[in-house]
Amino acid sequence: MFFQQLVNGLAVGSIYALIAIGYTMVYGILFFVNFAHGDIYMLGTYCAFFIFGFIGIETTGGVISVPQFFAALLPSMLICGAIGMGLEKFAYRPIRNGSRLSAMISALGASLFLCNTAMYLFGSQTKPMPKLFAGEYFTIGGAIVSYIQTAVLIVSLVLMAALHFFIRHTKLGKAIRAVSDDQRAAVLMGIDMDRVISATFAIGSALAGAAGIMVGIYYGAVYPTMGAVAGIKAFTAAILGGIGNIPGAMVGGVLLGIIESLGGAYISFGYRDAIAFFVLIIVLCLMPTGILRKGRT
Amino acid sequence: MEESSPMKLEVEQLTAGYGSIEALHGINLSCSSGEMVAVIGSNGAGKSTALNCICGVVPASYGEVLLDGRDILDEPPHRIAMMGIAQVPEGRRVFPRLTVLENLEMGAYIVRDKAVFGERLEFVYNLFPRLSERQRQNAGDLSGGEQQMLVIGRALMRNPKFLLLDEPSLGLAPMVVENIFEIISGLVGSSEVGIIIVEQNAAMALSIANRGYVLENGRITMEASADELICDERVKAAYIGG
Ligand SMILES: Nc1ncnc2c1ncn2[C@@H]1O[C@H](COP(=O)(O)OP(=O)(O)OP(=O)(O)O)[C@@H](O)[C@H]1O
Ligand SMILES: [Mg+2]
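For the record, the sequence lines run as chains U and V.
When we follow my numbering, the leftmost residue of the first sequence carries the number 1, and every step to the right adds one.
When we follow my numbering, the leftmost residue of the second sequence carries the number 298, and every step to the right adds one.
The shape of chain V in the complex, shown without the other chains:
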């Protein structure tokens, strides 16, 4: 680790819902730079809602989201992105009618410096060589796995302090998932980025994470190191299957 003190993203008592239905009942979680945190939970547990609240695209009704101690909950989403939080949303969501390169340019929308942009592009192309081969192609024409690489690459274009990944394994073949997870876990070792990864594929997520949370029906019911969670009988029964 570098000498600079690590940054911290903290979520406290976060409460949110849709209309009269409350989806999150006051959750606490945190992530430091250089750390990978997994949030596991089944369908409808509130995982996406939590990430969307942090990014400001779903309003919270109560609680705090602190970025290095500063509450960012009331900031508009584009400002939160500028502060260094990047979400890779569920379901990939590339810009289908933009080319691969244009998608990456949008990822670097807040980067003003041409030289920095060039460096980031090289970094992302190194990480995902497939993207550089397909850079002039419309993103909508990529395969599912390539699209997932593109949205992760797109988020990395602005060198975020925190990367929030929402189910990157969804709908992908096991081989592709393994490849992508390998790259994600490489990011933590090689940079200062802090990663929160939300997954239904608990075994996979916990295998690369440092710590983990279990989210059930809008509440955090367990919090432990990834190794502990992976061995936990309840986690095994509910999320790892067998």
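Just chain U, with the same shape it has in the complex:
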């Protein structure tokens, strides 16, 4: 059973990791928590929902093919990226030089706005999502690994590897790290802060969108408030890995998924969500800088 829970935890955890990256990147540059991030993830699921509808897939009991999955993934990521950029431009940029408290209030407002707009436009009831693969699985060492879990893991890993490459090796990626190290010095290099911040929101939001569609398919459901709990969990993952630290968010996400899954199995399934919050409290009390420190003097 341990190995089975590890597999389940890994799949869910890689999704937390994808969402956590957005929290941590924004925090690393602007030092505030973008509470609307979970809602962007939710919009990602809706994007996929409508794309599947558009290409004529039954949402109830429907099964999508791998190309259809990618046909939904890429546009959803683009749309979420654009929404993230819009969010920054309208909700955060005008008050960028204000206090952090006003940014936080604006973020809470943006979260409520997105969630309620989704309720208004799409209805508040839960809608079914089609499946990727009709429940096929294979077994390793006694553990059942479904194809969808494998797909979630592979897509997440590829996206994280791509992000890692982007941040490490491209000019814009290096500029994002430079701004996160020293904003004033970065601006003196001729780095356009607006552009860097926009890119940060676009990337984080696109990854949240990818997470959204995968969760929709994994659990087979989409609803307007789904961003709240996932958001808090991913935020916990970001804290766990040390907020502001991108590899930390990846590790923190996977770790949280595994802790949650093991806790759900060995303690009680009903406490699964509580376990994440318990972890959040413990980490904040005992290791407020996270398990991987932000390597800064």
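If you're looking for bench data, these hints aren't it; they were derived computationally from the structure.
Note that the coordinates shown come from a computational prediction; the quantities given were computed from them, not determined experimentally.
Accuracy of the hints is not assured; some may be wrong.
[Claimed, not checked] Think about it this way: if two alpha-carbon atoms lie no more than 25 Å apart in a straight line, the pair counts; the simulated DSS-like pairs of lysine-lysine are:
1. Lys171(U) to Lys458(V)
2. Lys533(V) to Lys458(V)
3. Lys89(U) to Lys171(U)
4. Lys411(V) to Lys171(U)
5. Lys458(V) to Lys305(V)
Fit chain V with the ligands to the given chain U structure using the hints.
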């Protein structure tokens, strides 16, 4: 000097402050390409504020900053950097979690041409061979002197028209300071760059500068050639000590 007419950076009536406190009360200064100008003054005189206003990172409330006659005061800081003004800020401010090479790449952020980048990198590595030995190391792990070399090298990566140095001697051992000042003074002789150097170490700054200004409580109180200032009794008493 080349035939092309020298560029000029002029600051006129520059007034700035923080909240209700005015830190600069209308200062005038100028620097031409190929010239080194020193601004000396004690703690809190407004030296850093002046450089930050020129670079657009601290807003001015009144006055002009003219780059070859064009007012750049309302431009955003990244545009001012693109126009060829590079500041080496006080306290070094390397990007600690970027490697030495990545720091230099950020210095050349506005340089698009790969070949030009290569030339600049070679130039900077020639100037500071230590940096090339440490290029894969995180900048945060360098010694203070190496970090100072890195931030100067970083600014030179984009071949600026004007280089503004804010207290490059701060917190460094005398030997290191001497080495760095030698390199700075070499820049003026060998290129077209104009340098404004802000220093509390007045003797050092005036020894390599052409002209100098004394900034006191947000006002320029003296302006003369560096040789004159270095011999001036008041300057000696207040800034050179003995
Ligand atoms: N961010 C700030 N907020 C408020 N006041 C400031 C700020 N920065 C500087 N000041 C004030 O403005 C005045 C000029 O400061 P500035 O840093 O320009 O002096 P300086 O000549 O560079 O001094 P030092 O040699 O110590 O670096 C000082 O009175 C200082 O207290
Ligand atoms: Mg200063």
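These are the hints, each one checked on the structure:
1. A C-alpha spacing of about 23 Å is found between Lys171(U) and Lys458(V), which places the hinted pair at or below 25 Å, so the restraint holds.
2. A distance of roughly 32 Å separates the Cα atoms of Lys533(V) and Lys458(V); the hinted pair therefore is violated under the 25 Å criterion.
3. For the hint pairing Lys89(U) with Lys171(U), the CA-to-CA distance comes to about 23 Å; that is within 25 Å, so the pair holds.
4. Distance hint between Lys411(V) and Lys171(U) is fulfilled; the C-alpha atoms sit about 12 Å from each other, no more than 25 Å.
5. Distance hint between Lys458(V) and Lys305(V) is fulfilled; the C-alpha atoms sit about 9 Å from each other, no more than 25 Å.
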